[in-house]
Amino acid sequence: MKQSNTKTKIIAAAVAVFILIAGYAYLYFDFVRTNDSISADSAAISQEATQEQQVIGLRQTVASLQKDQGLLDSLFVDNDKVADFIQSIESLADTAGVSHQLSINVQPDDSLAADNKELLQFHMTTSGSWTNTIRFMTLLENMPYKVYVGSVELGEGSDQVSGVSGSPQKSSGSWKGDFDFSVVKNK
Numbered sequence: 093m094k095q096s097n098t099k100t101k102i103i104a105a106a107v108a109v110f111i112l113i114a115g116y117a118y119l120y121f122d123f124v125r126t127n128d129s130i131s132a133d134s135a136a137i138s139q140e141a142t143q144e145q146q147v148i149g150l151r152q153t154v155a156s157l158q159k160d161q162g163l164l165d166s167l168f169v170d171n172d173k174v175a176d177f178i179q180s181i182e183s184l185a186d187t188a189g190v191s192h193q194l195s196i197n198v199q200p201d202d203s204l205a206a207d208n209k210e211l212l213q214f215h216m217t218t219s220g221s222w223t224n225t226i227r228f229m230t231l232l233e234n235m236p237y238k239v240y241v242g243s244v245e246l247g248e249g250s251d252q253v254s255g256v257s258g259s260p261q262k263s264s265g266s267w268k269g270d271f272d273f274s275v276v277k278n279k
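Converting from the sequence shown to the numbering used here requires adding 92 to each position, the first position being numbered 1.
There may be inaccurate statements among the hints.
[What the hints assert, rightly or not] With a straight-line cut-off of 27 angstroms between C-alpha atoms, the simulated DSS-like cross-links for lysine-lysine are:
| # | residue 1 | residue 2 |
| --- | --- | --- |
| 1 | K279 | K159 |
| 2 | K173 | K277 |
| 3 | K238 | K209 |
| 4 | K209 | K173 |
| 5 | K279 | K209 |
| 6 | K159 | K268 |
| 7 | K173 | K238 |
| 8 | K209 | K277 |
| 9 | K279 | K238 |
| 10 | K238 | K277 |
[Claimed, not checked] Ranges of calculated distance between the beta carbons of each label pair, as one might list FRET restraints:
| # | residue 1 | residue 2 | range |
| --- | --- | --- | --- |
| 11 | S180 | K279 | 14 to 22 angstroms |
| 12 | I137 | T98 | 51 to 59 angstroms |
| 13 | I113 | S138 | 31 to 39 angstroms |
| 14 | E182 | T142 | 55 to 63 angstroms |
| 15 | Y240 | Q146 | 33 to 41 angstroms |
| 16 | I103 | D128 | 36 to 44 angstroms |
| 17 | Q199 | G265 | 31 to 39 angstroms |
| 18 | K279 | T223 | 33 to 41 angstroms |
| 19 | E140 | V241 | 48 to 56 angstroms |
| 20 | H215 | K173 | 16 to 24 angstroms |
| 21 | K238 | V154 | 21 to 29 angstroms |
| 22 | S191 | L157 | 37 to 45 angstroms |
If you're looking for bench data, these hints aren't it; they were derived computationally from the structure. Note that beta-carbon positions come from the ideal geometry of N, C-alpha and C, so glycine has one too.
Could you build the full structure based on these sequences and the hints that come with them?
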């Protein structure tokens, strides 16, 4: 009986150990499965947070570009503001104290056509004192539009001076200025 009792205890102990090992294995695999699930959820949250940061960055970029786009658009003459632009050029000449004659040419430009823009080319002949002629040129260059000055020829009487690098002396005589410039116009 002692031997039977010992056998029973050994079998009971073996069954208990087997149950403990099975329970331990179940808990271990449940822990691994839960850990994998948490890792996948953590990776998804991290990816979503990264995407959210990218969206915030893109929104900030778009807001910044909208401000820049407004500034960029203000550099071009709107189609319905061409007459106002021409009047402002003539007003600059009047302000500078030079008499003037203005001619305009609309030049198609393939590089601008894709952006729905075209080039307005101007030729202006002025007459006035040296100071007033230079003042007009300065006012023209500082307009709130992007004005491309192609060429400037200044001359007193029959002598022509190309550009202003010759720095002629101030004269009480009349100076003639020929200005070729252009500006981009929205169609």
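Structure-based check of all given hints:
1. K279 / K159: holds (21 angstroms)
2. K173 / K277: Cα-Cα ~9 angstroms, so holds.
3. K238 / K209: holds (13 angstroms)
4. K209 / K173: Roughly 14 angstroms between the alpha carbons, so the hint for K209 and K173 holds.
5. K279 / K209: holds (5 angstroms)
6. K159 / K268: Cα-Cα ~41 angstroms, so violated.
7. K173 / K238: holds (15 angstroms)
8. K209 / K277: Given that 27 angstroms is the threshold and the Cα spacing comes to 6 angstroms, the pair holds.
9. K279 / K238: Holds, at about 16 angstroms.
10. K238 / K277: At roughly 10 angstroms apart (the allowed maximum being 27 angstroms), K277 and K238 satisfy the hint.
11. S180 / K279: 14 to 22 angstroms: holds (20 angstroms)
12. I137 / T98: 51 to 59 angstroms: Holds: the Cβ-Cβ distance is about 57 angstroms, inside 51 to 59 angstroms.
13. I113 / S138: 31 to 39 angstroms: holds (37 angstroms)
14. E182 / T142: 55 to 63 angstroms: holds (57 angstroms)
15. Y240 / Q146: 33 to 41 angstroms: Given about 39 angstroms between the Cβ atoms, the range holds.
16. I103 / D128: 36 to 44 angstroms: The hint (36 to 44 angstroms, Cβ to Cβ) holds, given that I103 and D128 are roughly 37 angstroms apart.
17. Q199 / G265: 31 to 39 angstroms: holds (35 angstroms)
18. K279 / T223: 33 to 41 angstroms: 39 angstroms Cβ-Cβ, so the 33 to 41 angstroms window holds.
19. E140 / V241: 48 to 56 angstroms: Because 54 angstroms falls inside the window, the suggested range holds.
20. H215 / K173: 16 to 24 angstroms: holds (20 angstroms)
21. K238 / V154: 21 to 29 angstroms: About 24 angstroms separates the Cβ atoms of K238 and V154, which means 21 to 29 angstroms holds.
22. S191 / L157: 37 to 45 angstroms: holds (44 angstroms)
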